[in-house]
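> Next come the chains, spelled out residue by residue.
Protein chains: 2
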Amino acid sequence: MNSQRQSPFTLFHQSSESKARCGQVDTLHGSINTPVFMPVGTQATVKSVTPENLTELGAQIILGNTYHLFIRPGHKLIQKFGGLHKFMNWNKPILTDSGGFQIFSLKDLATITEDGAAFKSHLDGSKLFLSPEDAIKVQEALGSDIMMVLDTCIPYPATRQETQDATDLTSRWALRCRKSQSNTGQLLFGIVQGGMYPDLRKQAAHELIEIGFDGYAMGGLSVGEPKNLMHDMTEATIEHLPKEYPIYLMGVGTPEDLMEGVYRGVDMFDCVMPTRNARNGMLFTSQGKLVIKNSRYRDDNRPLDERCSCYTCRNYSRAYLRHLFTCREILAYQLNSIHNLHYYCSLMTDIRKSIADDRFLAFRKNFYEQREIST
Amino acid sequence: MNSQRQSPFTLFHQSSESKARCGQVDTLHGSINTPVFMPVGTQATVKSVTPENLTELGAQIILGNTYHLFIRPGHKLIQKFGGLHKFMNWNKPILTDSGGFQIFSLKDLATITEDGAAFKSHLDGSKLFLSPEDAIKVQEALGSDIMMVLDTCIPYPATRQETQDATDLTSRWALRCRKSQSNTGQLLFGIVQGGMYPDLRKQAAHELIEIGFDGYAMGGLSVGEPKNLMHDMTEATIEHLPKEYPIYLMGVGTPEDLMEGVYRGVDMFDCVMPTRNARNGMLFTSQGKLVIKNSRYRDDNRPLDERCSCYTCRNYSRAYLRHLFTCREILAYQLNSIHNLHYYCSLMTDIRKSIADDRFLAFRKNFYEQREIST
Chain V
21 MNSQRQSPFT LFHQSSESKA RCGQVDTLHG SINTPVFMPV GTQATVKSVT PENLTELGAQ
81 IILGNTYHLF IRPGHKLIQK FGGLHKFMNW NKPILTDSGG FQIFSLKDLA TITEDGAAFK
141 SHLDGSKLFL SPEDAIKVQE ALGSDIMMVL DTCIPYPATR QETQDATDLT SRWALRCRKS
201 QSNTGQLLFG IVQGGMYPDL RKQAAHELIE IGFDGYAMGG LSVGEPKNLM HDMTEATIEH
261 LPKEYPIYLM GVGTPEDLME GVYRGVDMFD CVMPTRNARN GMLFTSQGKL VIKNSRYRDD
321 NRPLDERCSC YTCRNYSRAY LRHLFTCREI LAYQLNSIHN LHYYCSLMTD IRKSIADDRF
381 LAFRKNFYEQ REIST
Chain Y
21 MNSQRQSPFT LFHQSSESKA RCGQVDTLHG SINTPVFMPV GTQATVKSVT PENLTELGAQ
81 IILGNTYHLF IRPGHKLIQK FGGLHKFMNW NKPILTDSGG FQIFSLKDLA TITEDGAAFK
141 SHLDGSKLFL SPEDAIKVQE ALGSDIMMVL DTCIPYPATR QETQDATDLT SRWALRCRKS
201 QSNTGQLLFG IVQGGMYPDL RKQAAHELIE IGFDGYAMGG LSVGEPKNLM HDMTEATIEH
261 LPKEYPIYLM GVGTPEDLME GVYRGVDMFD CVMPTRNARN GMLFTSQGKL VIKNSRYRDD
321 NRPLDERCSC YTCRNYSRAY LRHLFTCREI LAYQLNSIHN LHYYCSLMTD IRKSIADDRF
381 LAFRKNFYEQ REIST
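As they're listed, the protein sequences go chains V and Y.
With the numbering used here applied, the first sequence closes on residue 395, and no number is skipped along the way.
With the numbering used here applied, the second sequence closes on residue 395, and no number is skipped along the way.
Be careful, since some hints might not be right.
To be verified - If the Cβ cut is set under 10 Å, some of the chain V residues that face chain Y in the computed set are:
id, residue
1, THR47
2, LEU48
3, VAL69
4, GLU72
5, THR75
6, LEU97
7, ARG318
8, ASN335
9, GLN354
10, SER357
Claimed, not checked - A few chain Y positions that, by computed beta-carbon distances, are all more than 12 Å from chain V:
id, residue
11, PHE32
12, LYS127
13, LEU195
14, GLN223
15, ASP252
16, ARG284
17, LEU381
Since the hints were made in silico from the structure, they are not lab data.
We treat Cβ as the ideally placed atom computed from N, Cα and C, and that holds for glycine.
Let the hints inform the model, and build the full structure from the sequences given.
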């Protein structure tokens, strides 16, 4: 197609020391500053926190899972209520995935054909089908600010032939997604697959650019491959992506993964890690991980992280958080989730500042040095 | 003893139509307006809500459970952290029960002797003991604003002899509690037992008044007896209690129970019902109960209660709350708990206003009439 619309991305500063960059992505519900981390709100809620919590802890945009919302409560219900923003009381930008990754995760419950993905609901086993056109229709009903094309995820490891076939199908589906898009003002991002084969990543990138999208994502990474391979594939993909558009590394990752992604030129990230780990009692701090159930925190009156300004750290001790977690009190999940999400969002804020001041490499060095100090 | 201190209670208005009254109880952490409902915060948290939620929804005072805090994390740890208020980040008044009711609930795990209660921890089976003096010592360590004497609860039904023995023991323990109290400024309430025997209730009331307390509670009600019997026993007890002191009906109850308690002269209530029912998806509204999982709410865009001004009703539809509850999302428990607690607290605010305006009976009549309209 190549009927490219104007890019939603504005570059503020390109690091002189690395590929790191800071900028802005404009959407229907406002602009987001990049690099950005997007908390995951699978079922029309970021688990354990309110929209007001999210705003206070610095979230600019959240992610919703199309697969889950399609199955329950259904995109038509959400559309009837004025879209996902109104349904869940979140007025800032939302990115929805296409459902491809979740359907891929169903494995035996899913069958991929040229037409689309046939799968069974993980809730009641009912037979469902999602074509590339359906994925767009559902996301348009949800009213997200950034939609993703339906892609076929590739497991790790995978043979070259499997990877080639899945990557080719993803490109054909990407074109169908782009063609079926209505004129809603919602952005649509393409997804570069290609597994662990740099030449297939390059091919996929070029095919997507030829179609023309509002942003470019890298999928099929952080699926079990070694970290170095993930970094190599990120580099091998980004070099073929147009610098005028936002670049999104899907499903990544640890704080270190975010730092390395930014270093390589990534603008957007999402991951369930901060919320999921919070519910499991694993907290992120400037000095590394902290497992709150550990008995050493029984009478520890310090906040989780003495450098943290989040609601949890301003008001509660490690001893209290350990008590709540030991008692399995719901407040434990709330307070832990607020802290971990704040950690991720404020890390990105600090990263943006360091890029704007052109001292990103020093910031990155200091980030790693701090984590060598034990708590 | 009868070395009575000045009562912490100030009467604002006595209803001319009933025994309902409104007033104020002064404590170390400020004054509370009565009649008042106290949300239950068993394990140093009111389940599913933050202290800020509690303040916004109108809670003036919360209840902590001595038994639970004694077992975990331990009163000495809480004392080390500056008391329960600081430990849990709640700066308004706290009432702690004595642990008697929970120990009584352990049944086979507890043995009551003249000395006190020997019991096994419900967590690890370890052997523990709580004397009346211990109950005060623990509550002084917790630093609550209102402490309760250690009492022996009486099951329903119970023979006259069982009731007489338990009531007599409660009076002897009450004296020991009063004698062991330090000069901390914390208030200490006596607990009238006496089962379903009006003459034993009268005897218990007189024995407690002779000792002299800062307030008087009625225990052993709402333990399975018919509603009418509970109301009769409330009346039969209150008539023997001094009107210059706050009167507290323990562990009660439904909105209707609160209305009937106020009608009979009760100033203070506590119950797990609003929070527990919230977690089970049962919401209180001005028109009665609402079971949120009901399919009729699937596409209902109205708030839980159109007359409610709580955070949940201001921002979320029944359809969204049903979706969250169906998905077992933690946010469901938060939003439902905020609504139910707000319902209880605002009901008490409205009751106080109606008493101050001397129109309590009309308010009560209207309260019941509204509940006959189906939602």
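> With reference to the structure, classify each hint as holding or not holding.
So, going through the hints one by one against the coordinates:
{"no.": "1", "hint": "THR47", "in the structure": "violated, 22 Å"}
{"no.": "2", "hint": "LEU48", "in the structure": "violated, 21 Å"}
{"no.": "3", "hint": "VAL69", "in the structure": "holds, 7 Å"}
{"no.": "4", "hint": "GLU72", "in the structure": "holds, 9 Å"}
{"no.": "5", "hint": "THR75", "in the structure": "violated, 13 Å"}
{"no.": "6", "hint": "LEU97", "in the structure": "holds, 6 Å"}
{"no.": "7", "hint": "ARG318", "in the structure": "holds, 7 Å"}
{"no.": "8", "hint": "ASN335", "in the structure": "holds, 5 Å"}
{"no.": "9", "hint": "GLN354", "in the structure": "holds, 7 Å"}
{"no.": "10", "hint": "SER357", "in the structure": "holds, 8 Å"}
{"no.": "11", "hint": "PHE32", "in the structure": "holds, 34 Å"}
{"no.": "12", "hint": "LYS127", "in the structure": "holds, 22 Å"}
{"no.": "13", "hint": "LEU195", "in the structure": "holds, 34 Å"}
{"no.": "14", "hint": "GLN223", "in the structure": "holds, 40 Å"}
{"no.": "15", "hint": "ASP252", "in the structure": "holds, 38 Å"}
{"no.": "16", "hint": "ARG284", "in the structure": "holds, 35 Å"}
{"no.": "17", "hint": "LEU381", "in the structure": "holds, 39 Å"}
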